[in-house]
Amino acid sequence: MPFPPLESPQWQSHLRAFAWGLRAVGSTVLTLVLFATYLGIGALAHDTHFSLGWVLLSTLLVWAGPAQIVLISTLGSGATVIQAAIAVTVSAVRLFPMVVSVLPMIRGPQTPRRRLVLASHFIAVTLWLECFRLLPQVPRERRIAFVHGLGCGLVLVCLVANVIGYTLAANLPQLFAAAILLLTPLAFLLSTARNCRQLADILALGLGLALYPLASRLHTGVDVLISGIAAGTIAFAVQWWRERA
Amino acid sequence: MSEFIGDWHALLVLVIAGFLPNEVWRMVGLWFGSGVDEGSDLLVWVRAVATAILAGVIAQILVTPPGALASVPDWLRYVSVAAGFAGFALARRSTFAGVACGEIVMLAGKWWLG
Chain A
171 MPFPPLESPQ WQSHLRAFAW GLRAVGSTVL TLVLFATYLG IGALAHDTHF
221 SLGWVLLSTL LVWAGPAQIV LISTLGSGAT VIQAAIAVTV SAVRLFPMVV
271 SVLPMIRGPQ TPRRRLVLAS HFIAVTLWLE CFRLLPQVPR ERRIAFVHGL
321 GCGLVLVCLV ANVIGYTLAA NLPQLFAAAI LLLTPLAFLL STARNCRQLA
371 DILALGLGLA LYPLASRLHT GVDVLISGIA AGTIAFAVQW WRERA
Chain B
102 MSEFIGDWHA LLVLVIAGFL PNEVWRMVGL WFGSGVDEGS DLLVWVRAVA
152 TAILAGVIAQ ILVTPPGALA SVPDWLRYVS VAAGFAGFAL ARRSTFAGVA
202 CGEIVMLAGK WWLG
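Protein chains in written order, with the numbering used here: chain A, 171 to 415; chain B, 102 to 215.
FYI, nobody ran anything at the bench for these hints, they're computed from the structure. Only a predicted model underlies this, so the values are computations on that prediction, with no experimental measurement involved. Hints are supplied without guarantee of correctness; some may be wrong.
One-sided excerpt, in silico: chain A residues whose CB lies under 8 Å from chain B [as the list claims (entries may be wrong)]:
1. Phe188
2. Leu214
3. Leu241
4. Leu384
5. Gly398
One side only, chain A facing chain B, incomplete, derived with CB under 10 Å [claimed, not checked]:
6. Pro274
7. Leu305
8. Pro306
9. Pro309
10. Ser361
11. Arg364
12. Ala385
13. Leu388
Glycine included, C-beta positions come from ideal geometry on N, C-alpha and C.
Required output: the full structure, derived from the provided sequences and hints.
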């Protein structure tokens, strides 16, 4: 999608920048993946007896696909609130480096933190990837408005998908529901693989996949945290050692 | 509202187990982020751990599949994801091609199984 040039008067108002952010939602294939993922989350919530309002509110408040799937499936399988909270906290650690790496692109030298709270809330895999792709084409002083537009647009798409998934769930053929749920691991695996730049990233992805089945035998409730810290640390150590050797 | 969202208990569970665990990391990132250098060893390690945790979450969904995905046999789930990765690699790292490839293999496998 072509944006107006950086010095164009199109960028002069915050509202226009917000609108360009909204429009950018239609420019990426990730929107489609997100739509299908939230269709699946809606259907999953229906099958595990959560209310429609609850799942919509979870999309607004949580705004992280894998975390919502982990939350709904652990609660649905009879885990306690504390166990679910630990599992979700662990799956959400990845948001920290995402926020840290993308905020320098969004903020100006004088931007106060409180103006970045909403933009930080919108950060999850999709917005994170799209910021790296789109923000260089947006003037710096309009980037917050642009990110707000992009975030609102993506959330809106997902809320609609939730409603459709939830209402269809009862009539959804099982094969179709399985295909939708398979989208999440596929899309997350491949978009992470695409973003691997350093040796440490590639090793972390491979080892993280390989070590989880081992860690899951421990049945600690924080298996993902154990395999993640182990795999990530090994990956970091290998890269550190290679760079200095 | 109680019909639409559920009782206060369901709402409390959502805030404690859903909202707070995610928002905490975002706000920690916002608070400390400005002081961390992009190329520092600390951030490389944090990113490696974050990537490995996401990989673990992916593996978790595949090993203990939620909902309807459990109707797909174990081997077919793994083969589908492997096929998706092969498609992704062959199509010059196209996420779309990889996702399509994985889904087609899963659907074909289910159809073949009957």
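Against the structure, the hints:
The interface hint given for Phe188 of chain A is broken, as the beta carbon of that residue sits about 21 Å from the closest beta carbon of chain B, more than 8 Å. Given hint, Leu214 of chain A at the interface with chain B, holds; its Cβ is 5 Å from that chain's nearest Cβ, closer than 8 Å. At a threshold of 8 Å, the smallest CB-CB gap from Leu241 of chain A to chain B is about 5 Å, leaving the interface hint in force. With a cut of 8 Å, the hint placing Leu384 of chain A at the interface with chain B is violated, because the nearest CB-to-CB distance is about 10 Å.
The closest approach between the C-beta of Gly398 of chain A and any C-beta of chain B is roughly 3 Å, which is under the 8 Å cut-off, so the hint is satisfied. For Pro274 of chain A, the interface hint holds, since its Cβ comes within 10 Å of a Cβ in chain B; the closest pair sits about 7 Å apart. Interface restraint check for Leu305 of chain A: the shortest CB-CB distance to chain B comes to about 15 Å, outside 10 Å, so the restraint is violated. Nearest Cβ of chain B to the Cβ of Pro306 of chain A: about 16 Å, over the 10 Å cut. The hint is violated.
The beta carbon of Pro309 of chain A is not positioned within 10 Å of any beta carbon in chain B (closest approach about 21 Å), and the interface hint is therefore violated. Given the 10 Å rule on beta carbons, the hint for Ser361 of chain A holds: about 5 Å separates it from the nearest Cβ of chain B. Because the smallest distance between the Cβ of Arg364 of chain A and any Cβ of chain B comes to about 5 Å, under 10 Å, the interface hint for this residue holds. Contact between Ala385 of chain A and chain B, as hinted, is supported at the beta carbon level, the nearest pair being about 8 Å apart and thus within 10 Å.
With 10 Å as the threshold, the beta carbon of Leu388 of chain A stays out of range of chain B, its nearest partner Cβ sitting at about 13 Å, so the hint is violated.
In this structure, the hints that do not hold are numbers 1, 4, 7, 8, 9 and 13, in rising order.
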